[in-house]
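**Q** Fit chain G to the known structure of chain A by using the hints.
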Amino acid sequence: MQNALFHWSFAIPEIWVLAMACVVLLVDVFVGERQRDVAYVLSIFTLLAAMALTWSQMGQTGFAFFGQFHLDPFTSIASFFVELLSLLVLSYSRKYLLRRSLYRGEVFVLLLFALLGALILISGANLLILYLGLELLALSQYALVAFQRGNLRATEAGLKYFILGALASALLLYGMSLLYGLTGTLDLHQIAIALVNVGSANYLLMLAVVFLVAGIAFKFGAAPFHMWLPDAYQGAPTPVTLFMSSVPKIAIFALFLRILVDGGYGSIEIWRQLFVALVVVSLVIGNVVAIAQTNLKRMLAYSTVGNMGFLALGIVAGTQNGLASAFFYAVVYAFMATAAFGLIVYLSREGFEAEEISDLRGLVRTRPWAAFLLLIIMFSLAGVPPTIGFYAKLAVFQALIEAHFIWLAVFGVLMAVVGAFYYLRVLKVALFDAPAEDLAYGADDPLAASVLTVNSLALLILGIVPGALVAFCYHALQGVL
Amino acid sequence: MTEWLFLIPGFPLLGALINALFGERLGPRWCGRLAATMPLLSSLVVLAIWLGPGAEPALLDRLWTWMAVGDFRVDLTLRVDDVTLVMISIASFVGFLIHLFSQQYLRGDYGERRYYFYLNLFVAGMLILTMANNLLLLYLGWETVGLCSYALISHWYREPENAWAGRKAFVVTRIGDTTLLLGIFLLFAQYHTLSISTLLPLVTAQPAPALLLAASILILIGAYAKSAQFPFHIWLPDSMAGPSTVSALIHAATMVTAGVYLCIRLLGLFAAVPGMLEAIAVLGAWTAFFAASCGLAQVDVKRVLAYSTISQLGYMFMGVGIGAPSLGLFHLLVHACFKALLFMASGAIILIYADDHDIRHMGGLKYRQPFLRWTFLAGVFALAAVPLISAAFYSKDAIINASFLVAGGGVPYALGLSGAVLTAGYAFRLYFLVFEGKPSELEGPYQMGWGMKIPLALLAAASIGIGWLQFPPGWPGPHLWVHWLAPELGLPPRPIGLEGGLLTLVGALATFLGIALGYWAARRERAGRGLSRWRFLASGWWIDGTILRLFPAPFYALGRLLRGGVENLGVQGLAQGGLRDGLRLSAYALARGENGLASRYAVSMIAGLLLLLLLIWSWPL
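Taken in sequence, the protein lines are chains A and G. Counting along the first sequence from 1, when you hit position 222 you're at 221 in numbering that gives the first Met the number 0, and nothing is skipped either side. Counting along the second sequence from 1, when you hit position 410 you're at 409 in numbering that gives the first Met the number 0, and nothing is skipped either side.
Just chain A, with the same shape it has in the complex (with noise of 0.2 Å):
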């Protein structure tokens, strides 16, 4: 058979950023503290080199390691965009990380593996590997939030999360023993095949794909599951956050495609309903809290869930285009929240987060550029035209509308409007408000500076010129139904 083929070539990005990832440590513990940008440069390094190899796999298809791995257009354009996020983030953080002496090999080396952990949950075509992937990703990011051993919130916020996190892998991996207990496999396309038999009027199933919702959801941040996000987003170092709100919203998507749409599409009419009810919850949730906030991080977290709920219009629409327009979202999601969150970094300094609203206040009178950056990544996120974010949400509602779910596309626009609110609150005070004389930003990184000027302007201009990203994300989910 082809698929029990050792095709251990499909997984060379993966084995290239774990070997990477055990070099950055045991060359973290010769080096001293002053050639720490020997580590730094080995990471960015690494990870340009995975994109070149990601990029070369691009067009080829196949299972390896006994066909517990997949390699798909899906599998290459969503790692892609991960190793992509990743190195943003390390391109934002470095003075961040300097400022408050986070800058050590540990950090680097937890987010190769969150990067692995996401990788593995890309390709895996298997419930076990599945699983796996998603823990090593989820630990990582459980050390790095509390990774400021001594700051009082970050290890409240690392603790909250892994409670919780730790709950909702139960959660998963209950749903995966039942569905595994109702196949008899952990292979995704065997289960894929068991499930004709099964039908959808089955009780067992039914629960199974609760619990397996109900831990993506989680994972998502998508309410009433959300509880942990604004906790962590806030207590984190923001370059974690910045990590935390890119990748995983990419890999989970992945995970939900492996298992309810590899695996379960049988089931998609259970579900479906079961991301309606998420999708109502989140979208109100998110956009009606996200008013209440006055710290910048928290009002983030909460956009999160509100565009986890606009992402999953798309996965309740459930098309091909549907699922292509929720892959779209996320990608272009996780791009607006790395440049709010960079200019959230970008902005701070030694002892000032820059993380209040009030913190932005007047910017543009101060720092015109940034302000004018703010401007794009508030208008994306709102989905204001010819911004990114608007061609986002219009190819979600467009399938939705196709789907004939029709008064969930009007709510889901009313939810978009509320939001829009908050955005341009920030705006408002960063753009009409009196400066105040007290605040001096840090934005004196010229790496940082010029990463999110390319990223927002990004934003902007994919707005104007979206052909491209559409059609490569497009491409991503062809053949996946």
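It is worth saying that the hints were derived from the structure and are not from the lab. Beta carbons are placed, not taken as given, at the ideal position from N, Cα and C, and that holds for glycine. Some hints here could point you the wrong way.
To be verified - Residues from chain G that face chain A, not an exhaustive set, calculated with beta carbons under 8 Å:
no., residue
1, Thr64
2, Tyr587
3, Leu608
4, Leu612
5, Leu614
As the list claims (entries may be wrong) - Beyond 10 Å from chain G on every Cβ pair, some chain A residues (computed):
no., residue
6, Trp15
7, Gly31
8, Leu41
9, Arg98
10, Arg148
11, Gln189
12, Ala289
13, Ser357
14, Ala370
15, Val409
16, Val412
17, Leu423
18, Glu436
**A** Chain G only, in chain A's frame:
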């Protein structure tokens, strides 16, 4: 060549971008120089098209697909055919001349950088509008020029009237923008395409009479609002609050002609609706006559020209309506030259008279400013269509004469001809009052630099000579224009032989009659018994006041009523207490629920899980 088309709107757009981002560092002088260079570069590209491949067949440049969702597809495609070529030549070259003129005209003013930013953005928007092959892209340009018009009318925003005038212009044209958009929606709903070059054949192949009627009326309202046609003309006289250069560029040469251009571009659509073109012809002739009569009674130098613009645009619409679009386009070109000239010259006149706009306070300017006098006179000749030596004689009179030939052309002909008398009347009234007679003591010293003189001289030459491109039929001399445009717009009806000669003679007589009228009106005005005392004409047939009283005033009254009654009683209690506070309270309540206790979070997760279970169990399968 086609792959370079994007440069034409690209240069001014780049200029606007640079001025917006780095203008502060450049300083006002360099902002102006940069802004003037950009339309020059555009016009060089346009010149390259003229000299190089020409625009036959039409040049197409598909930039990219902006969006494709289902059958809704927006390709950003630029298209240049002969008609477009004329428009972009005007927008870029006349635009450049006006930028050049602005350098001295606006020096030392406040907001120079803002001015140049909007002026460049305007030129870019106008070029996009004219070059768009897609209705949505056209609409983008349409809105851009509307926005810039608003911002530039209110340029001297520190005086509240100027801001009010800008707002009025914006709101009135906005009505037209909205109907245009609705018309585009209707067309898309029926034909599933926004590309003009695919749409027009479809309209003829699969006519849908009711829908086409609705769509063409909606689009026509859009064109009328933009081109200040009756009864949407009320914004244009007030828009004179902006700098004269702005009036020259936006409210004479380019933006207001966008409506005419739209009608020419979508001629296939209007032709597919029976009776539509005839209505356009009659309305155009009526506007031409009506606005010319108002022009006779104005005392503000710029308001004379504003009513004149409305009237001249009426002639262009009339040309389109009677089936002579190429003559309408010809008059558009001629008008762009002489009206830009007159507006810029009037800007200089106002500066000379220390910001006094009232022509009754002027006089005898020809002694101290001979250059200004001769160039202004060239513009007045063109406006009045003085026979043989002015361009409008070959364009406007051709339209009037052509209307005599078409069936049902009697009304347009009569209105057009009497309008021509009035036109010559107000044109020469203006000239006699400002330049002839005794010098006024208000006159101050003013030295025009070459940056102001060159544009005036070039435009004066064009106002006289550009008509010689197209002599009346049967005359010796070139007959380039209509034949050149014939493949796209067809040949217009043109009188020949004895009939042609007689009609031309009647037109010339009308002009001379008008000049006499102007001399008489100027003398009476000097004596303090002028037409300006006739409120009916001076207020524009009371139309502005009537409209303000009919539409906005009831809304204001309703607004006061609602604020006093409903708002205080009901809405404040309900909407604020209910909706806003409800949203806020629920936001805080929900936020407080998330109080940081991990155990509570876990409980809520389990509750969520139970909810999902409940949902799935209660779901009928």
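**Q** Against this structure, judge whether each hint is valid.
**A** Evaluated hints:
1. At its closest, the beta carbon of G:Thr64 sits 5 Å from a beta carbon of chain A; the interface hint therefore holds under the 8 Å criterion.
2. About 5 Å separates the beta-carbon of G:Tyr587 from the nearest beta-carbon of chain A, less than 8 Å, and the hint is met.
3. Checking G:Leu608 against chain A by beta carbon gives a least distance of about 5 Å; that is within 8 Å, so the hint holds.
4. Given hint, G:Leu612 at the interface with chain A, holds; its Cβ is 5 Å from that chain's nearest Cβ, closer than 8 Å.
5. The closest approach between the C-beta of G:Leu614 and any C-beta of chain A is roughly 6 Å, which is under the 8 Å cut-off, so the hint is satisfied.
6. At roughly 35 Å from the closest C-beta of chain G, the C-beta of A:Trp15 stays outside 10 Å, upholding its exclusion from the interface.
7. The beta carbon of A:Gly31 is kept farther than 10 Å from every beta carbon of chain G, the shortest such distance being approximately 39 Å.
8. With a least CB separation of 37 Å from chain G, A:Leu41 remains clear of the 10 Å interface cut-off, as annotated.
9. Once the 10 Å rule is applied to beta carbons, A:Arg98 is consistent with being away from chain G; the minimum gap is 27 Å.
10. Annotated as non-interface, A:Arg148 keeps its C-beta farther than 10 Å from every C-beta of chain G; the closest such distance is 19 Å.
11. No Cβ of chain G comes within 10 Å of the Cβ of A:Gln189; the nearest lies about 24 Å off, and the non-interface call holds.
12. Some Cβ of chain G comes within 10 Å of the Cβ of A:Ala289; the nearest lies about 8 Å off, and the non-interface call is violated.
13. Chain G leaves A:Ser357 outside its interface by the beta-carbon criterion, the shortest separation being 17 Å against a cut-off of 10 Å.
14. The Cβ of A:Ala370 sits about 12 Å from the closest Cβ of chain G, beyond the 10 Å cut-off, so the non-interface label holds.
15. Listed as outside the interface, A:Val409 is consistent with that label: its C-beta sits roughly 17 Å from the nearest C-beta of chain G, beyond the 10 Å cut-off.
16. Under the 10 Å C-beta cut-off, the non-interface status given to A:Val412 relative to chain G holds; the minimum distance is some 15 Å.
17. The Cβ of A:Leu423 lies farther than 10 Å from every Cβ of chain G, with a closest approach of about 15 Å, so its non-interface assignment holds.
18. Listed as outside the interface, A:Glu436 is consistent with that label: its C-beta sits roughly 22 Å from the nearest C-beta of chain G, beyond the 10 Å cut-off.
Hint 12 from the earlier list is the only one contradicted by this structure; the remaining hints agree with it.
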